[in-house]
Amino acid sequence: MAVLLDNVTYSYNINDTHRVDAVKNLSLHIEEGTFVALVGHNGSGKSTLAKLLNGLLLPTAGTVKIFGNSTLDGEKIFDIRKDVGMVFQNPDNQMIASIVEDDIAFGPENLGIERKEIIRRVEWALDKVGMLEYRKRTPFKMSGGQKQRLAIAGVLAIMPKILVLDESTAMLDPQGRSEVLKVAHELNKQERITVIHITHFMEEALDADRLIVLNDGKIAFDGAPKEVFAHYEELKKIKLAVPWETQLAISLQKAGMDLGEGIVKEEDLVDKLCQLL
Amino acid sequence: MSIIVKNLSFTYSAKTPYEKKALDNINLEINDGDFLGIIGHTGSGKSTFIQHINGLIKPQEGEIEIFDIKLSSARRPKADLRALRSQVGMVFQYPEYQLFADTVEKDVAFGPKNLGLSSEEVADRVRHAIEMVGLDYEMVKDRAPFELSGGQKRRVAIAGIIAMQPKVLILDEPTAGLDPFGKEQILNLIKYLKTHCSPTIVVISHDIDEITRFANRIVVFNDSKIVYDEPMQQLFKHSRQLQDMGLDIPRAVKIANSLRYRGIELSEDIVTAEDLLREIIDKYNQKHGTELDKDGCVFDMYDFSQKWLTSEERAALEGRTLEQKPQAKKQRSSKSKTLREKTVKTKTVKKVNTKEKFEGSEK
Chain A
0 MAVLLDNVTY SYNINDTHRV DAVKNLSLHI EEGTFVALVG HNGSGKSTLA KLLNGLLLPT
60 AGTVKIFGNS TLDGEKIFDI RKDVGMVFQN PDNQMIASIV EDDIAFGPEN LGIERKEIIR
120 RVEWALDKVG MLEYRKRTPF KMSGGQKQRL AIAGVLAIMP KILVLDESTA MLDPQGRSEV
180 LKVAHELNKQ ERITVIHITH FMEEALDADR LIVLNDGKIA FDGAPKEVFA HYEELKKIKL
240 AVPWETQLAI SLQKAGMDLG EGIVKEEDLV DKLCQLL
Chain B
0 MSIIVKNLSF TYSAKTPYEK KALDNINLEI NDGDFLGIIG HTGSGKSTFI QHINGLIKPQ
60 EGEIEIFDIK LSSARRPKAD LRALRSQVGM VFQYPEYQLF ADTVEKDVAF GPKNLGLSSE
120 EVADRVRHAI EMVGLDYEMV KDRAPFELSG GQKRRVAIAG IIAMQPKVLI LDEPTAGLDP
180 FGKEQILNLI KYLKTHCSPT IVVISHDIDE ITRFANRIVV FNDSKIVYDE PMQQLFKHSR
240 QLQDMGLDIP RAVKIANSLR YRGIELSEDI VTAEDLLREI IDKYNQKHGT ELDKDGCVFD
300 MYDFSQKWLT SEERAALEGR TLEQKPQAKK QRSSKSKTLR EKTVKTKTVK KVNTKEKFEG
360 SEK
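Chains as they are written, first to last, in numbering that gives the first Met the number 0: chain A, 0 to 276; chain B, 0 to 362.
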């Protein structure tokens, strides 16, 4: 089991007397090789959950296990951080070196890996994110999508088994978003890396194996994207929207046209409408 | 005419190996009351362009006329940039990163203070601005901006601009990085500001579905040039060219195009989800001889049960008028000239009344 959360609670101290539970009694299993999309409105506990996965935060109660290692076990924490790579929201905050390959080498260098292997890994990681030709350039003048792909490559060089993208597409333009998403899916398919993609864009969840909806520190829905989006009324109540195409189908359905269920993509909608019109 | 831009060109790092032309002979007139959307690729020149309108970048070639202020490459006469910035308000991308003061009130007051207004006027404007963005003045004024949620922080940042009461409001990617609910709140806010604060609004966005929900006119930047400048309804006749430039087209247009491609005839004017819904139901009724209600069909993707209240709505809920401040504190004798229209209106009405009384007593 790649990720195992057992009754996890995490509370932030607001002051001496006041605490807020960002994650409440949450239990979750994620199998290795799964592509998970994680959604929820601001403050629903998504980022807290992400930080619990690699021990940046430690659970107030319950346990978080990554491939059997608990984050509470001080001896295993570095193994866990090697296994769980995280990429954050702001592409500008994640570059440390002025040359691309130095930046990618930073992770493996810190692990004390020998030079030859580092060079191999840098090449491999840059190739995986489609940025090999940029290896001698400086990241600072690149587009947001390119920078985020470099951030992913930097994490890949540590050879993680789990990749957590914590709103990594939020600050990108549509092109950058699709670049990053494509890389994440390729890594999932080709390298069998477990991906946990946290996002506000519902359409980015469509190709995931599993969609988890968080609300108020708890799991509100967990299932295949199509199944989850069938609960559109409940999703709206927790301040989330369904994909545009699904909403259009729902509106037509309400008006009296029979489109059936499970419309989440453009092709589904167009096919159905062609039958009806 | 609010803003006239003539033959504007701009090059970054000119005469160096990094030379990059960002604007190439831009001509544009922004009219009073325009709700203008600007779209274009990252690096197409949009941001460079709007920085010119706010006087943050001096034109290298060409000129800009904003109300009565002229900007050009000439050294003299010096343009009155303070006057310019009080008329053109600019909300940058991720404006919440620019919050700096230790309380919300101080942060919002920064702009109007720098305009050299009296402290009374500043206090009045700050209260108005905070209420206009839908926050409770008494609740938030003494709080640190950093304690607020992402969407709230962004609204405080917008309040800081609104407090300068600009006639033109420019917003660069105002909803970036927010969750669907936060996005919806900001969009509602922008629409509200259009009628209650800044009659001319310019919005840059990557999300074309968002722009088509409010813009009446769309300008497309590509490769440092303006390639299209059209009423919103007309622009997507060029949807193929837009897609060739790598730009998104509204989803309704995309689906209408796919349906047309599959042999279904649809009207040319489909831009929004509502347009598409009506057209589809029409077609369906024709084919099946049904009478489904096309006008009752709503696209309520954004109908969140918990809505953002405008300060007017909240005032109504609390059973007071907008001018009566919540938890009626001591009334300030506001002599400010530029109070909001509504206040001015009630005041003139009062004046007329006293005049009538006066005349009446004379008779």
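It cannot be assumed that every hint is accurate.
[As the list claims (entries may be wrong)] Residues on chain A that point at chain B, a partial pick, calculated with CB under 10 Å:
no., residue
1, Ala60
2, Gly143
3, Asp165
4, Leu275
[As the list claims (entries may be wrong)] Here are the simulated SDA-like cross-link-like pairs (lysine to any residue), alpha carbons at most 25 Å apart as the crow flies:
no., chain 1, residue 1, chain 2, residue 2
5, B, Lys293, A, Glu260
6, A, Lys235, B, Gly149
7, A, Lys236, A, Ala219
To be clear, the hints were calculated from the coordinates, so they are not data collected in a lab. Beta carbons are placed, not taken as given, at the ideal position from N, Cα and C, and that holds for glycine.
Here is how each hint holds up against the structure:
1. Ala60: 26 Å, violated
2. Gly143: Gly143 (chain A) check passes; min Cβ-Cβ to chain B is 7 Å, inside 10 Å.
3. Asp165: Violated - the Cβ of Asp165 (chain A) stays beyond 10 Å from chain B, reaching only about 12 Å at its closest.
4. Leu275: 6 Å, holds
5. B:Lys293 - A:Glu260: Measuring from Cα to Cα gives roughly 21 Å; hence the hint holds.
6. A:Lys235 - B:Gly149: 20 Å, holds
7. A:Lys236 - A:Ala219: 11 Å, holds
Checked against the numbered hints above, the structure breaks hints 1, 3 and satisfies the rest.
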